[in-house]
Amino acid sequence: MKVRYFAWVRERIGKPEEEIAVPADVSTVAELIKWLSSRGEEYAYAFENPGVIRAAIDRVHVKPKTTLTGASEIAFFPPMTGG
Amino acid sequence: MKPSMTVRLQREPFDAAAEADKLTSRRTDVGAVVSFTGICRGSEEGEPIAALTLEHYPGMAEAEIERHVVEACERWPIFGVTVIHRYGRIAPGEPIVLVITTSSHRLAAFAAAEFLMDFLKTRAPFWKQVETKRAKNWVDAKASDDAAVERWRERDDAAE
Chain A
398 MKVRYFAWVR ERIGKPEEEI AVPADVSTVA ELIKWLSSRG EEYAYAFENP GVIRAAIDRV
458 HVKPKTTLTG ASEIAFFPPM TGG
Chain B
3 MKPSMTVRLQ REPFDAAAEA DKLTSRRTDV GAVVSFTGIC RGSEEGEPIA ALTLEHYPGM
63 AEAEIERHVV EACERWPIFG VTVIHRYGRI APGEPIVLVI TTSSHRLAAF AAAEFLMDFL
123 KTRAPFWKQV ETKRAKNWVD AKASDDAAVE RWRERDDAAE
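Line order of the protein sequences matches chains A and B.
All letters in the first sequence, in the order written, are residues 398 to 480 by my numbering.
All letters in the second sequence, in the order written, are residues 3 to 162 by my numbering.
It should be emphasised that the hints constitute simulated quantities derived from the structure, not laboratory data.
Fair warning: there could be bad hints in the mix.
Chain A regions said to be covered by chain B (calculated; three or more residues, Cβ under 8 Å) [said to hold, decoys possible]:
1) 398 to 404
2) 449 to 460
3) 469 to 478
Only part of the chain B face toward chain A is listed, based on derived beta-carbon distances under 8 Å [claimed, not checked]:
4) Y59
5) M62
6) H87
7) A126
8) P127
9) F128
10) W140
11) V141
12) A143
Restricting the straight-line Cα-Cα distance to at most 30 Å, the calculated cross-link-like pairs of lysine-lysine (BS3-like) are [said to hold, decoys possible]:
13) A:K399 with A:K412
14) B:K24 with B:K4
15) A:K399 with B:K138
16) A:K462 with A:K431
17) B:K144 with A:K412
18) B:K138 with A:K412
19) A:K412 with B:K4
20) A:K431 with A:K412
21) A:K431 with A:K460
22) B:K135 with A:K431
Remember, predicted model here, so these are calculated numbers, not experimental data.
Don't be surprised by glycine CBs; every beta carbon is placed ideally from N, CA and C.
Bound-form chain A, shown alone (with noise of 0.2 Å):
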């Protein structure tokens, strides 16, 4: 699965995207992202406060107990602030 990260959680992470093989056991948003903390010390700090973090699935919102099924796409990003 493609893994885009956007703004401060980017910056954090160190990268704008990339490939993961998503485990057979992580089956939601929110356990990507706990997944994806445990990865190393750039991730926990990107992800330290799971709750401001926004994500879309193939370019739409999702909420963090969605499912992954399907998925080609995953972004993670801050609350947005355009307009």
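We have chain A; now place chain B onto it with these hints.
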């Protein structure tokens, strides 16, 4: 007739008057045009700023704005909508975002423009970074912007 809907993301500035003309010229059914332009301020909380940099999620930003433009046209009798949002580095005094709506009467045009701006602020994947002499800082999301969006959903709930 189906409303005309234009959504554009671009680095370069835009001409709000020229965009409004496109929605109103050569027709006589438009009775109201509402045009909102968001502009980069020269200071933030009393501190002068050098520029704003807007990051966006290409592909999703267009799609998310289009979803809300379609919703606005379903809610109100709108003839045309134009939304332009810039990304990249923007200097104080320069425009950031444009929302134009046209209708036969003002109420629909005002409401649709306000609805679109409220959703742009909190649902379109853009992130502002403020550049000052001392530092570059990501702008925090405002609770007042979330509250502005919530108003529209509460009205929906009340109507159900």
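So, going through the hints one by one against the coordinates:
1. 398 to 404: holds (count 3)
2. 449 to 460: holds (count 4)
3. 469 to 478: holds (count 6)
4. Y59: holds (6 Å)
5. M62: Given a least distance of 4 Å, the restraint on B:M62 holds.
6. H87: holds (7 Å)
7. A126: Hint holds; B:A126 Cβ to chain A Cβ min 5 Å, cut 8 Å.
8. P127: Holds: closest Cβ of chain A sits about 6 Å from B:P127, inside 8 Å.
9. F128: holds (3 Å)
10. W140: Cβ of B:W140 sits 5 Å from chain A, so the hint holds.
11. V141: holds (5 Å)
12. A143: Since chain A brings a Cβ to about 4 Å from B:A143, closer than 8 Å, the hint holds.
13. A:K399 with A:K412: Within the cut-off at roughly 12 Å; holds.
14. B:K24 with B:K4: holds (16 Å)
15. A:K399 with B:K138: At roughly 28 Å apart (the allowed maximum being 30 Å), B:K138 and A:K399 satisfy the hint.
16. A:K462 with A:K431: holds (12 Å)
17. B:K144 with A:K412: holds (27 Å)
18. B:K138 with A:K412: holds (18 Å)
19. A:K412 with B:K4: violated (43 Å)
20. A:K431 with A:K412: holds (18 Å)
21. A:K431 with A:K460: holds (14 Å)
22. B:K135 with A:K431: violated (37 Å)
The structure does not agree with the numbered hints 19, 22 stated previously, though it agrees with the rest.
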